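Number of protein chains: 2
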Amino acid sequence: MISAEQPINFTRGVPADESFPLEQLADCATTVLSGRTGTQVMQYGPSRGYAPLREWLAACHSVSPDQVLLGNGSLQLIDFLGLGLLQPGDLVLVESPTYDRVLTLLRRRGARVLGLPLDADGPDIAALEEILQRETPKLLYLIPDFQNPSGATMSAAKRKRVVELAEQHGVILVEDAPYRPLRYRGEILPSLFELAPHRTLHLTSFSKQISPGVRVGYMIGAADTVTRLAKMAEDTYITPNLLGQATVYEFCQRGLLEPQLDRLRALYGQRLLAIADALRTQLPAAEWIEPDGGFFLSVTLPEGTTGAELCQRAAEVKLNLSDGCGFFPNPSDGERFLRLPFCALTPEQLAEGVHRLASIVDAPSS
Amino acid sequence: MISAEQPINFTRGVPADESFPLEQLADCATTVLSGRTGTQVMQYGPSRGYAPLREWLAACHSVSPDQVLLGNGSLQLIDFLGLGLLQPGDLVLVESPTYDRVLTLLRRRGARVLGLPLDADGPDIAALEEILQRETPKLLYLIPDFQNPSGATMSAAKRKRVVELAEQHGVILVEDAPYRPLRYRGEILPSLFELAPHRTLHLTSFSKQISPGVRVGYMIGAADTVTRLAKMAEDTYITPNLLGQATVYEFCQRGLLEPQLDRLRALYGQRLLAIADALRTQLPAAEWIEPDGGFFLSVTLPEGTTGAELCQRAAEVKLNLSDGCGFFPNPSDGERFLRLPFCALTPEQLAEGVHRLASIVDAPSS
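Keeping their order, the protein sequence lines are chains A and B.
Using our numbering, read the first sequence as starting at 84 and increasing by one per residue.
Using our numbering, read the second sequence as starting at 84 and increasing by one per residue.
Bear in mind the hints are in silico, worked out from the structure with no lab data behind them.
A hint or two may mislead.
Stated by the list, open to error - Which chain A residues stay away from chain B? Per the calculated CB distances, all over 10 angstroms, these: (1) D100; (2) A112; (3) V124; (4) I443.
Said to hold, decoys possible - Calculated cross-link-like contacts (lysine-lysine; reagent style BS3-like; alpha-carbon spacing at most 30 angstroms): (5) K314(A) with K401(B); (6) K314(A) with K243(B); (7) K401(A) with K401(B).
In this text, all values refer to a predicted model and were calculated from it rather than measured experimentally.
By construction, the Cβ of each residue, glycine as well, lies at the ideal position given by its N, Cα and C atoms.
Modelling step: build the complete structure from the supplied sequences, incorporating the hints.
Given below as structure tokens:
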């Protein structure tokens with residue numbers, strides 16, 4: 084039983100604290116710091132990252148090691164991508180809504196950002212075609228699997244069509260796929276990288292698979308792009324976090340990654356069922372996207388309610404919500420949008436959170 | 084006895100492999116990963132860094148914890164400084180020569196960079212006064228202690244004058260001080276931060292004190308500047324390398340830092356004596372700056388010799404040298420400049436390296 088005084092946070096999309104394999108990581112880190120590897124990871128080293136992990140990942144993705152760039156989380160690789168591939172004023176297309184931190188980095192670089200309206204099965208293809216008739220974007224940034232912040236997954240048909248259009252118009256696809264291994268039901272769909280390896284930069288990370296604290300993200304892409312971005316990385320921090328990378332490598336080569344992912348899918352899959360049940364029961368009139376994996380589910384509020392207004396009322400019932408506007412290239416498009424991250428809350432907290440949400444959504448607006 | 088086939092590298096300024104306290108670091112990392120701290124450092128966390136280390140450093144520098152920003156090495160903090168404090172076209176003054184990677188980051192931000200000629204006792208004050216009469220730079224970037232790449236240390240008188248001029252003209256001082264704890268002889272001079280805490284951003288790191296692989300640098304400065312740069316950090320990588328930071332904190336609070344610094348001063352102090360003796364004996368006519376600490380010593384080649392030419396001849400005797408031009412805001416000023424990093428070579432390697440250098444400097448140019 085959760086007391087009414089206990090806050091429920093539907094704010095940041097973070098993994099569950101109890102999901103981190105701390106003992107295994109401590110043991111892997113100790114092994115890494117012993118002997119020759121220890122000296123290697125404590126010294127300055129290659130800006131593209133720890134070679135054994137690059138080789139291991141290359142084998143996983145059926146590419147060559149010179150197509151793998153490791154970084155301190157994948158967000159920063161987006162910054163390098165902006166520095167290495169974009170000029171101020173270049174057009175970048177994104178889904179609307181999309182990951183808010185990527186919008187910040189694209190704007191830092193002075194990119195013009197346009198959003199493609201997002202449906203439950205992916206971006207609006209007609210809107211994409213319409214823009215491509217007028218001009219050619221430099222990049223098309225997409226999160227095909229269990230999208231942040233919406234929870235949407237792009238259908239196989241839309242993936243195929245996006246790739247065709249990218250080929251026709253010479254657009255580079257940036258596929259951000261940190262949630263891809265966390266599918267709780269349904270069939271795995273081909274990644275954009277698998278469909279168009281020569282024109283896709285595939286970004287992902289161990290933050291959601293092992294822990295954010297290992298600070299290991301990576302990009303798979305064309306070798307010349309990897310080389311260019313590795314120069315940006317060297318200019319920025321000389322050497323990435325080799326200790327984290329070597330610890331992840333040790334973890335993976337001991338065969339610990341698959342059992343860890345199985346545990347996460349079991350833990351988070353239950354949580355997805357819990358929040359979905361609660362929404363169906365307690366907010367039957369709400370419009371929402373039911374995800375098949377990942378960290379997020381999103382709700383579109385009834386007409387006349389705004390997220391900002393709701394956040395205020397939520398605070399009164401100790402419910403912490405994020406305003407949805409930041410996820411939209413055009414912020415006012417997000418006034419009725421609510422992102423609900425569900426992985427770091429227990430089924431009880433999720434049910435209580437949705438209960439509180441229902442109590443304020445149904446309340447007459449002041 | 085070193086065979087003529089064995090290469091000697093006077094290239095990168097890295098610590099000695101044998102200087103890393105691997106067992107202590109492994110033990111500290113294991114402690115960190117146990118229990119509550121483990122969960123904390125494996126989760127997303129504060130962009131300004133691990134709070135206990137910030138508090139510990141605040142006490143060391145007699146400042147408040149909100150004046151401490153931790154980052155993944157100190158170079159990247161320079162990138163944040165450019166993003167947070169500089170507009171394209173802003174003037175930044177540096178020593179000439181200066182740390183080449185900082186020139187790259189300043190240029191990335193579109194800054195105009197002017198160099199102050201550097202003498203053995205610090206930058207040319209008349210040149211600084213002359214520029215300040217014409218215009219006000221946004222930043223004055225200086226490496227007062229055992230400068231990279233020259234080995235020069237700014238005299239007490241010059242420090243005082245630089246601070247006076249910065250006060251008069253409203254210039255922010257950026258003091259890069261990674262080598263400051265590595266003084267092998269002579270008296271410690273006051274830092275610019277100690278002389279003018281309200282207008283100095285003091286940058287340093289554990290890369291040269293413990294190991295580059297911990298990836299922990301930090302800035303001490305005004306609280307509002309720290310807040311602004313912490314936002315740049317959050318936008319870039321969300322969370323820094325908390326595992327490295329907590330491991331360094333554990334190392335420091337166990338009292339291991341001072342004995343480690345004592346070991347480094349003993350190890351590197353011997354190496355400085357060895358290279359200085361070799362230069363005096365084997366290149367008696369060379370002009371060079373004899374440092375009192377740090378990683379670097381620099382030689383000005385005889386008129387008519389250029390570094391590029393020398394690098395080529397050096398390769399024939401298996402001596403690897405870096406071209407000096409990259410250290411100068413105006414590259415052609417560095418044609419006769421040679422940086423000799425001495426910490427990662429044994430006394431025997433240093434003597435042999437200088438012997439090979441003497442053999443090609445004295446050779447008639449082709």
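Distance restraint between K314(A) and K401(B), which requires alpha-carbon spacing of 30 angstroms or less: Since the Cα atoms of K314(A) and K401(B) sit roughly 27 angstroms apart, the hinted pair holds (cutoff 30 angstroms).
Least C-beta distance from A112(A) to chain B larger than 10 angstroms: At about 5 angstroms from chain B, A112(A) fails to clear the 10 angstroms cut-off, so the statement is violated.
Check on V124(A) being off the interface with chain B, judged by Cβ distance over 10 angstroms: Violated, because the least Cβ-Cβ distance between V124(A) and chain B comes to about 5 angstroms, which does not exceed 10 angstroms.
Cβ separation check - D100(A) to all of chain B, threshold 10 angstroms: violated (5 angstroms)
Agreement of K314(A) and K243(B) with the hint, judged by alpha carbon distance not exceeding 30 angstroms: Violated: K314(A) and K243(B) sit about 38 angstroms apart, past 30 angstroms.
Agreement of K401(A) and K401(B) with the hint, judged by alpha carbon distance not exceeding 30 angstroms: Given pair K401(A), K401(B) is violated - Cα atoms ~69 angstroms apart, limit 30 angstroms.
Outside-interface status for I443(A) - nearest CB in chain B farther than 10 angstroms: About 27 angstroms separates I443(A) from the closest Cβ of chain B, which puts it past 10 angstroms; holds.
Hints 1, 2, 3, 6, 7 from the list above are not met by this structure, while the remaining hints are.
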